[in-house]
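**Student:** The chain contents come next:
2 protein chains.
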Amino acid sequence: MAACLKLFITLYYCTCFMIAGVVDGKPNFVILLMDDMGWGDLGVFGEPNKETPYLDKMAAEGMIFPDFYSANPLCSPSRAALLSGRLPIRNGFYTTNAHARNGKAVLNLYPQIITGGIPDSEILLPEVLKKMGYRNKLIGKWHLGHRPQYHPLKHGFDEWFGAPNCHFGPYDDIDTPNIPVYKDAEMAGRYYEEFAIDKKTGESNLTKMYLNEAQQFIKKQVGKKEPFFLYWAADATHDPLYASSNFLGMSKRGLYGDAVKELDYSVGQILQSLKDNGVDKNTVVFFSSDNGAATYAKTGGGSNGPFLCGKQTTFEGGMREPTIAWWPGVVQPGKVSHQVGSLMDLYTTFIELAGGNIPTDREVDGISLKDALLNNTVTDRPLFYYRGNELMAVRVGLYKAHLWTWTNSIKEFNAGIDFCPGEEIEGVTTHEQMNNTNQPLLFHIGRDPGEKYMIRPSLEEYKKVMPLIMEQVNQHKKNLVPGKPQLNMCDRSVMNWSPPGCEKFKCLQGPSPAPYKCSWPH
Amino acid sequence: MAACLKLFITLYYCTCFMIAGVVDGKPNFVILLMDDMGWGDLGVFGEPNKETPYLDKMAAEGMIFPDFYSANPLCSPSRAALLSGRLPIRNGFYTTNAHARNGKAVLNLYPQIITGGIPDSEILLPEVLKKMGYRNKLIGKWHLGHRPQYHPLKHGFDEWFGAPNCHFGPYDDIDTPNIPVYKDAEMAGRYYEEFAIDKKTGESNLTKMYLNEAQQFIKKQVGKKEPFFLYWAADATHDPLYASSNFLGMSKRGLYGDAVKELDYSVGQILQSLKDNGVDKNTVVFFSSDNGAATYAKTGGGSNGPFLCGKQTTFEGGMREPTIAWWPGVVQPGKVSHQVGSLMDLYTTFIELAGGNIPTDREVDGISLKDALLNNTVTDRPLFYYRGNELMAVRVGLYKAHLWTWTNSIKEFNAGIDFCPGEEIEGVTTHEQMNNTNQPLLFHIGRDPGEKYMIRPSLEEYKKVMPLIMEQVNQHKKNLVPGKPQLNMCDRSVMNWSPPGCEKFKCLQGPSPAPYKCSWPH
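Here the protein sequences come in this chain order: A and B. Residues 545 to 1066 in the numbering used here are what the first sequence spells out, letter by letter. Residues 545 to 1066 in the numbering used here are what the second sequence spells out, letter by letter.
Keep in mind the hints are simulated off the structure, nothing from the lab. Be a bit skeptical, because a hint or two may be false.
Repeated chains share a single entry, so a pair holds when one copy, or any two copies, can fit it.
Stated by the list, open to error - Keeping only pairs whose Cα atoms sit at most 20 Å apart, straight-line, the calculated DMTMM-like set for lysine to aspartate or glutamate is: (1) K675 with E605; (2) K796 with E1005; (3) K955 with E970; (4) K842 with E1005; (5) K1008 with D742; (6) K727 with E1005; (7) K796 with D924; (8) K744 with D702; (9) K570 with E896; (10) K594 with E605; (11) K1050 with E1015; (12) K743 with D783; (13) K842 with E968; (14) K996 with E970; (15) K675 with D820; (16) K996 with E968; (17) K744 with E1004; (18) K1028 with D915; (19) K601 with E757; (20) K879 with E605; (21) K601 with E956; (22) K1022 with D719; (23) K727 with D924; (24) K743 with D820; (25) K1028 with E730.
Using the sequences and the accompanying hints, generate a full structural model.
**Tutor:** Next up, the structure:
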């Protein structure tokens, strides 16, 4: 007993020492969040053309997390979960309009008509950090609500350069306004107007601007006493794809690859900037993506490597994310963590590393990855795969049980929208909502990462494992307090007609308020 | 003109200097050839559980070839091509019994009834090297003919420890003899008798023996003046899978993963052995696999990562191989070569590096990878995908055209044999032989490595590319001189009844000769 105690103390001491040795007070934090980039888009995760030398180097210098997930297979809910540390079902980024709907259109259909956004009651990561003296900047896509009350500067960020929605367009500014790009609290122009994207050639300087903005921010912060949190959420790999002229045609993968190459280069430059400014050893960097690659984009989309289906689905391809942690001098180079991680964990991890307190008045789904980063330990935790208001699947250890399965409706599928192109698993990638809660579909995603080979219910393995999984499900459901659904109501009047600061450009006239229940196709 | 010439000479000089600087005369060669291991089975190529630390380290210290292929999607023809530098259609490892048949049974059906083997007229790599003073050893599977006249020691190898066929069994030694394991020219026992494989637990010490044999050989050769060629052809990832007790249960991937982990460890030990004996800088090592993973083995098989289908097929999953070159001090660490390579290139490359001459009295399909290894240059070359006697597909640059498509017969498919489980591409993974020669199916495997999205013949891209590809096909067919087919005839009398040296164990009585035309199912 005495020996055990001694060991415990020693380990604990080591941990503290390791951080204390390299971190002067609060470390800086950088999240490099990609948009619709897939697990299989990075060389280090198996992309056959090996076009991400900077990310591969980041991985070689840091720690990869091959078992890391987004909280949702869709942009908005995933990002809301990242910043709130909580599942969308809790923070409100879901809909109850129809069962298990993602609450977000796949196509270019009115992305700005949603009336909801991040509730004030959510305590976002930048809000917690701000109270601890951090300077917070968002560069790129927000996606937690585009109406002014939901803007980043109202929810903990000090600075913002980027857009509240996806860069769809061009619109006519009559029926639909183009999406604004903000510089802090006011718009600095609109996509396809001041911020060009040539949809024919794919050329745009946006990633270049986002990189420059990050470099300037890092440079500006160095020397100041306050630590910083940079949330770099570039969106070049989200449809419509774009890259700057230097990168166009440089990839073997077409425009999608060009966009990846520019993002890869940009990540390399941001890390270099941390080194050049001497803050690399004091900055925790995480690279990841908001959801699986949009396989329905066909050759214009990314790759989910060996995983099934993609964005929009709760198969592994929809939520397994290419994740790399980088913290020179603290995280050992070339490590692999088999911690089952979630983007929501960044919330908990960063707050803990900064010495802050996790809110105790609510459920927080994120766990701390501190021990995983420092000592490569692994903590058991279940992982919940939601689609809209439905718990579709759960992972416990290397087992994954699907309580519900479906990809999209047969009507949509017949119209050419395919979330699993070339991948059909009978009884799994179904086009109607299948309720399997009485006998969930069980997979071992260690030996079968592609969710191809069901473990039959008659097998001993199934009988042994399934009750343990259902225990986790019941536990989870028992304590669940759903948030107020934010994606139920739509209204054309809330579109980006007259964003703050529009006077410097042009303010548009929208229709009168006419809220209605949104209809989500899948 | 003078400037060009000068540049050429300088480059040429550099190349020579680089080799001369580190290689004292003829380098040693090591081929680490896996059996049915897939592209997606290595961490460095994207396996999600990241269970190959030694191979990943080998890649970090060496050069990976993500565009590297076997010459055939099946063991025997692939291995015959590797050692002869020639396509199976030339060296005879094919059948004309039926159109486009692989000429090798998928299941455990009489693998030893084939009467043919490597013709004496083929000049194998060890034969060329032997004449140049090399000591050649084969450890593991031969597969170029099990009758004594075809044995390795009759075709250039000085030493052999391993088996002529797959390790199927156990047989009854009455109807079917167990496969022998040879020590040089004589058998040293049989599988399931002297060489145990526990099919219930998967335990066997064979990989351990193969590792030990390699380490002893390297140690023995060091200090001798003669260079060596070690062909290490372990087979633990071929059905029936096995691993030694230390590795059983160690993988997240089940027994297949245990086998991979032991092979990974063994590769690490072999490289370490080269270092410990001070010959690492003078030894060219290539790691690869003989064909794609056997996806029909379901959870008991490997992964072909993002590629379509697997072993037996001419889709990328059948022939794209996880390939790493390692030559400390010569090949720069952490490099990626986009050379379209083939296992047949090892023939040409090794002979050139040893200062020998490639046979000029016949077509050799392998090209030299010397410049790729030393200077990371890329040489254009077409790649031909055969199945039996039919040219199924061709790759030119990043385009791949399927002249014929099929996976297996609908009868077999309905009986549960599926070469593309969970992967069905309409009109591509067909169950009848589709002749597309008039309008080949075209794919861009840079942006679409999974061969999911056909480039429609109506597109400009198709019209531009297809004639260039067909030019290569016509050129190839014009010069083709097929070898005498070795896989046409079967005879139960040629099975391993009484291998050389059987007297020390037991010699079995086989039936009288009764040759018949083999029937190959796919």
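**Student:** Please go over all the hints and tell whether each is borne out by the structure.
**Tutor:** Status of each hint after checking the structure:
Proximity of K675 and E605 under a CA criterion of 20 Å is satisfied in neither setting, with 32 Å inside one chain copy and 46 Å between copies. Taking CA atoms no more than 20 Å apart as the test, K796 paired with E1005 passes between copies only; the shortest distance there is 15 Å, against 44 Å inside one copy. Proximity of K955 and E970 under a CA criterion of 20 Å is satisfied in both settings, with 18 Å inside one chain copy and 19 Å between copies. When the C-alpha separation of K842 and E1005 is checked against a cutoff of 20 Å, the pair qualifies only between copies, where the shortest distance is 17 Å, while the shortest distance within a copy is 37 Å.
Proximity of K1008 and D742 under a CA criterion of 20 Å is satisfied in neither setting, with 56 Å inside one chain copy and 25 Å between copies. Proximity of K727 and E1005 under a CA criterion of 20 Å is satisfied in neither setting, with 56 Å inside one chain copy and 42 Å between copies. With identical chains, the CA atoms of K796 and D924 are at most 20 Å apart between copies only, with a shortest distance of 15 Å across copies and 40 Å within one. Taking the closest pair of Cα atoms, K744 and D702 never come within 20 Å of each other, the shortest separation being 36 Å inside a single copy and 63 Å across copies.
In this homomeric assembly, K570 and E896 come within 20 Å of each other (Cα to Cα) only inside a single copy, at 10 Å, whereas the closest approach across copies is 58 Å. When the C-alpha separation of K594 and E605 is checked against a cutoff of 20 Å, the pair qualifies both within a copy, at 17 Å, and between copies, at 16 Å. When the C-alpha separation of K1050 and E1015 is checked against a cutoff of 20 Å, the pair qualifies neither within a copy, at 57 Å, nor between copies, at 58 Å. Taking the shortest Cα distances, K743 and D783 sit within 20 Å of each other inside one copy (10 Å), while across copies they are farther apart (51 Å).
With identical chains, the CA atoms of K842 and E968 are at most 20 Å apart both within one copy (15 Å) and between copies (15 Å). In this assembly of identical chains, K996 and E970 lie within 20 Å of each other by CA distance both inside one copy and across copies; the values are 9 Å within and 19 Å between. Neither within a single protomer nor between protomers do K675 and D820 lie at most 20 Å apart by alpha-carbon distance, with minima of 28 Å and 57 Å respectively. Taking the shortest alpha-carbon separations for K996 and E968, both the intra-copy value of 9 Å and the inter-copy value of 13 Å come in at or below 20 Å.
Only between protomers do K744 and E1004 lie at most 20 Å apart by alpha-carbon distance; the minimum there is 16 Å, versus 56 Å within a single protomer. Taking the shortest alpha-carbon separations for K1028 and D915, neither the intra-copy value of 34 Å nor the inter-copy value of 63 Å comes in at or below 20 Å. For a Cα distance limit of 20 Å, the shortest separation of K601 from E757 qualifies neither inside one copy, at 23 Å, nor across copies, at 36 Å. In this assembly of identical chains, K879 and E605 lie within 20 Å of each other by CA distance both inside one copy and across copies; the values are 8 Å within and 16 Å between.
Proximity of K601 and E956 under a CA criterion of 20 Å is satisfied in neither setting, with 41 Å inside one chain copy and 46 Å between copies. In this assembly of identical chains, K1022 and D719 lie within 20 Å of each other by CA distance neither inside one copy nor across copies; the values are 45 Å within and 62 Å between. Taking the shortest Cα distances, K727 and D924 never come within 20 Å of each other, neither inside one copy (42 Å) nor across copies (49 Å). Proximity of K743 to D820 under the C-alpha cut-off of 20 Å is found in neither arrangement, the shortest distances being 36 Å within a copy and 58 Å between copies.
For the homomeric pair K1028 and E730, neither the shortest alpha-carbon distance inside one copy (28 Å) nor that between copies (78 Å) is at most 20 Å.
In this structure, the earlier hints numbered 1, 5, 6, 8, 11, 15, 18, 19, 21, 22, 23, 24 and 25 are contradicted, and the remaining ones agree with it.
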